[in-house]
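Sequence order for the protein chains is L and F.
Using numbering that gives the first Met the number 0, the first residue of the first sequence is number 0, and each one after it goes up by one.
Using numbering that gives the first Met the number 0, the first residue of the second sequence is number 0, and each one after it goes up by one.
None of these hints come from the bench; they were simulated from the model.
Glycine is no exception: its CB is placed at the ideal position from the N, C-alpha and C atoms.
You can take every hint at face value.
Covered, in the sense of this in silico footprint (three residues per stretch, anywhere, with C-beta under 8 Å from a C-beta of chain F), are these stretches of chain L:
| # | segment |
| --- | --- |
| 1 | 49 to 58 |
| 2 | 88 to 97 |
| 3 | 104 to 112 |
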Amino acid sequence: MSSRPELLAPPEIFYDESEARKYTSSSRIVEIQARLSERALELLALPDDGVPRFLLDIGCGSGLSGETLSENGHQWIGLDISASMLNVAVEREVEGDLLLGDMGQGLGLRAGVIDGAISISAVQWLCNADKSSHEPRLRLKAFFGSLYRCLSRGARAVFQVYPENIAQRELILRQALQAGFGGGLVVDYPHSTKKRKEFLVLTCGSVPTSINEGYKESCSEDDDSEDEENGMVGVSDRNRPRKKQRTNKKGKGREWVLRKKEQSRRKGNDVPHDSKYTARKRKSRF
Amino acid sequence: MRLISHNLLSCNIKGVKNGFPLKIEVGEVIQKEVDFNADFLRHMFAKIEWKALVEGARSMGYTELPEDSPDATVLDSADDSFLRKLHHALLELHLEEGALVCPETGRKFPVSKGIPNMLLHEDEV
Ligand SMILES: C[S@@+](CC[C@H](N)C(=O)[O-])C[C@H]1O[C@@H](n2cnc3c(N)ncnc32)[C@H](O)[C@@H]1O
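One chain only, chain L, in its complex shape (with noise of 0.2 Å):
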């Protein structure tokens, strides 16, 4: 197996049925999955209420991220593309619902409903255009721009997800934060080769904590020691640039105003009311 399985062939023909075996079968994949769920579902940061929350696993497969979220008591609704891996989730029993489907084709869930979303070693997949029909940057954008749209004010996503290069790096983030979202990446063990590890947290509306750090310490042996020496993390947590501004000269005027503020208010935000003054230019002397 090369060691970027997305460049041999689309997931629904490379995670055929010995593939899908072949991921569960393997300890040290089960461990690895179950050890990036946890990190994932860390950065998540749910309300300490005890409550179990409603989540989405993006990018599911036979399940191994999905148990990570039944174990600590949650719900969950998985969605993946394909088949074979989602069959291996039925016959080990996953608590889960489980969906299939292609991200890429945005999601089809009702607006402001899911308590948060992970996705594991998944979304790199996007980046890749496997049929002729394929363009990663608007099948980003339609995975992202759904996302925002059903999770609640206040939810995280969180992405491990390993790109090839930093231009997709790049393109992935850039998507996630023309979509809405805030936040930024998470590096877990920057300077070592094999724990290295990356998340994407990404925050829909208000943030109420902020984003915690990466890993720095090294926790096991398996590790070539020198790449650890100095444990500098690498943290970027940016804001959302603002939108490219497409405005003509009039301005984008009153009636897209309400109307982006009404959609901001169907979010659950808080909006300050309409008045004569609304969408009014300003005086430049401002």
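Mind docking chain F with the ligand on chain L? Use the hints.
Frame of chain L, contents of chain F with the ligand only:
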């Protein structure tokens, strides 16, 4: 697929305005017991579209839910019979075989081994 997921799911076909709720066509329904957690049900109650839940449950053969969305006070009443029913409807009934049908276009999403196939054709994206 359980009704808790059905209640959040809508049809995603390009151009569809009202893809909710998906109509349930039953082939086979199975039941699996799930631990009761009142806090979770209270948390979910506000998100649930009641009418869709009642209809979904009815199509799966469960008719114990009240027709109209009950007042939120029942969630905290000492008698937990309402929560028990809600629990059963949301979490214990599984559509094992059948289909989900888009209310606007009539497009069928087949459900097999409990898994709805929500993959869209290229011209639906
Ligand atoms: C490395 S596996 C991880 C599975 C699971 N999250 C785990 O931790 O065990 C990646 C999964 O992403 C899924 N995937 C890839 N592209 C996808 C897409 N466009 N939509 C949904 N799932 C996708 C694959 O089918 C595969 O099951």
